[in-house]
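K.L.:
Protein chains in written order, with my numbering: chain X, 1 to 265; chain R, 1001 to 1265; chain A, 2001 to 2265.
Simulated from the structure, these hints should not be mistaken for laboratory data. Hints may be right or wrong, so weigh each one.
A few chain X positions that, by computed beta-carbon distances, are all more than 12 Å from chain A [as the list claims (entries may be wrong)]:
{"no.": "1", "residue": "N31"}
{"no.": "2", "residue": "P60"}
{"no.": "3", "residue": "E80"}
{"no.": "4", "residue": "E92"}
{"no.": "5", "residue": "G115"}
{"no.": "6", "residue": "H121"}
{"no.": "7", "residue": "R143"}
{"no.": "8", "residue": "A149"}
{"no.": "9", "residue": "G199"}
{"no.": "10", "residue": "D217"}
{"no.": "11", "residue": "R238"}
Stretch by stretch, here's where chain X covers chain R in the computed footprint (C-beta under 8 Å, at least three residues) [what the hints assert, rightly or not]:
{"no.": "12", "region": "1008 to 1022"}
{"no.": "13", "region": "1098 to 1110"}
{"no.": "14", "region": "1153 to 1162"}
These numbers were taken from a predicted model, which means no experiment stands behind them. Backbone N, C-alpha and C define an ideal beta-carbon position, used for all residues, glycine too.
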Amino acid sequence: MRSELSWADRSVPAVLRQVGERQPLVHCLTNIVVAQFTANVLLAVGASPAMVENAVESGPFATVAAAVLVNLGTLSAEREVAMHDAASAAHEHGRPWVFDPVAVGALTHRTTFAGELLALHPAVVRANASEVMSLAGSGASGRGVDSLARSEEAIDAAIELARARGCVVAVSGAVDYVTDGKDVVEVAGGSRLLTRITGTGCALGALVAAFVAVERDVLLATAAASAVFKTAGEAAARDEPGPGTFAVGLLDQLGAMADAASELA
Amino acid sequence: MRSELSWADRSVPAVLRQVGERQPLVHCLTNIVVAQFTANVLLAVGASPAMVENAVESGPFATVAAAVLVNLGTLSAEREVAMHDAASAAHEHGRPWVFDPVAVGALTHRTTFAGELLALHPAVVRANASEVMSLAGSGASGRGVDSLARSEEAIDAAIELARARGCVVAVSGAVDYVTDGKDVVEVAGGSRLLTRITGTGCALGALVAAFVAVERDVLLATAAASAVFKTAGEAAARDEPGPGTFAVGLLDQLGAMADAASELA
Amino acid sequence: MRSELSWADRSVPAVLRQVGERQPLVHCLTNIVVAQFTANVLLAVGASPAMVENAVESGPFATVAAAVLVNLGTLSAEREVAMHDAASAAHEHGRPWVFDPVAVGALTHRTTFAGELLALHPAVVRANASEVMSLAGSGASGRGVDSLARSEEAIDAAIELARARGCVVAVSGAVDYVTDGKDVVEVAGGSRLLTRITGTGCALGALVAAFVAVERDVLLATAAASAVFKTAGEAAARDEPGPGTFAVGLLDQLGAMADAASELA
């Protein structure tokens, strides 16, 4: 079934309100480029980020977190061990983990590593079209961290990947598509400016982790995170700001939306 | 003795002016989330930050820095060696070092490691209430990087820790408490928004390092750094900005306060 | 020959327009402090940044990038291997790479390492005066990451270094000097505020990489990057903003200049 979701649907602010109320501890294994922005996005909506990424602590910490994010951006030998341990521990202890396979398909090493992580049962894979097609084995590959395909081109691959892995797959793009292998939820909106600052896709992955921590319907939680992010992006882009102002405004909008959601009955 | 300190006390802008005049080189071993914000906070007040965090250079670099910051946020095998060497070298060469034991008590490994570092004579421990209580052996522990206790609950633990280690302990919270084990200085003010962006506690630790680099009275220097940071936070929060705007305004306020301090007689 | 270059010269926006049109993939091996700002500067002008800094992938990735940046800011054992491999691979595959030898001369280890990298044929060395003089063997050394000398004092060292290594050398300062060992291009402008936020020099190094990726005249490309950055800094400083606002405005100005350049015939 095909449906659409937006901020106007009551379920979206409802999940956001849950995040603010329960302040889920989100264990982020992410990259050096986006770590600060990711933490600020999570804090803006009331979640509690913690970046623990060493080989000794990541496994144990995943078992006490409400959700875990694994983002392959800037791999290192130690981070790879930490990621593997965190994903394993999260799965074993029933904590949902979100997989953001940055640049998979573009480099052999991370493609192999991504395959290993994919076997550890992520609750959600959030990626761009090229990355989703690569994981699904459709053979496409990106250029660096950017997608060479549009999100709609990856819908079939996303459905296939979701079915094969029993997870939700979110394809980010001008329109986001979120699927559990059966239903596809379309999330429109956003702004071209979201591609002109770094870390928006990565931060969305973290937001998804916060949302699946508080909402058991993983398809809804993931699509709601997309809807919140796209709405914030659209609002922040309203006056056609430059990229610096836009990044600041995006955090402000997320904060304002979280405040608004907290006042819902 | 119990006292209060604020920006209105002449001694606070006086220390800030010293920072601007002497531009102390602050060697920061900190985490990937807050490194940029920390550097910008130090630059805003006229200090000179340098992040050297590898195992080979950290020891030698600590001996030429004016002060050293060790923040446990994102540990790694190599950073741990670097932190140990920098703290040792700083102590041996008479350079004050500031210890920010992020999330100590919440994870076994860093709790052990923090104990080792604590034996290397930090001039100041800056931490939240849960972390101070954990270091003092009061048995409390935080949740991820956030405190589960209010700062006033940790005053006794802070005094005990300061006495046992011969250092100054600063507990951050809605009110900051700074003690050398005998006197307790209370610093009020700030804003709830300081907890809604990442890195404010970590950046305060760096500011403390810059202040102890230029002022030999460690209790005063530490409390003055708290007062400067709280005043900047309060001013930046004045128009109830969103978190993005607040982070920008915080740096602006610190810059303006440094400029104002530099014009003092 | 001595000449000047500024945004008013048609060749400067012309190179900037090329960046926007060709969106060069810039492989950045940089430091944890400036990674986000560097990525945002590249995105603001339409380039495509990718930070791959592990020992396994950096070599292969350098061969598919349009240009490579190696910045020594926060070295680690693994990053050093990655940097060496990326620089080697870039040179072997005819990709220009830009060398930013942060704090060379101030620490023995990185001075030795910088010497090894210098032998791998960078297209451009971008550094402050102290760093250029250290690389040229003039014996000067900085204090931490800051220069103790003014840029004009390093012109002779820059010419010598450029001749000895067959590369372009850019000395950053109140005035930037760019030389291929024969001609010297002077780029004035900018703002004192560029030294009051972190990462401006590092981000300029990345901008140089994007520019040499699209313009074969390396001297022109490097000086044009300086001119774009100085013009953006000057514009962002116009209303004497605080450092937080300045950092945001700098990205906005770069975005606006890229937009303006894209509309040139």
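K.L.:
It remains to establish, for every hint, whether it holds in the given structure.
P.N.:
The hints, checked one at a time:
1. N31: violated (7 Å)
2. P60: holds (23 Å)
3. E80: violated (8 Å)
4. E92: holds (27 Å)
5. G115: It holds; G115/X is separated from chain A by about 15 Å at its closest Cβ, greater than 12 Å.
6. H121: holds (25 Å)
7. R143: violated (6 Å)
8. A149: holds (15 Å)
9. G199: It is violated; G199/X is separated from chain A by about 7 Å at its closest Cβ, not greater than 12 Å.
10. D217: Check passes; 33 Å lies beyond 12 Å.
11. R238: holds (15 Å)
12. 1008 to 1022: violated (count 0)
13. 1098 to 1110: It holds, with 6 qualifying residues against the three required.
14. 1153 to 1162: violated (count 0)
Going through the hint list in order, the structure does not satisfy hints 1, 3, 7, 9, 12 and 14.
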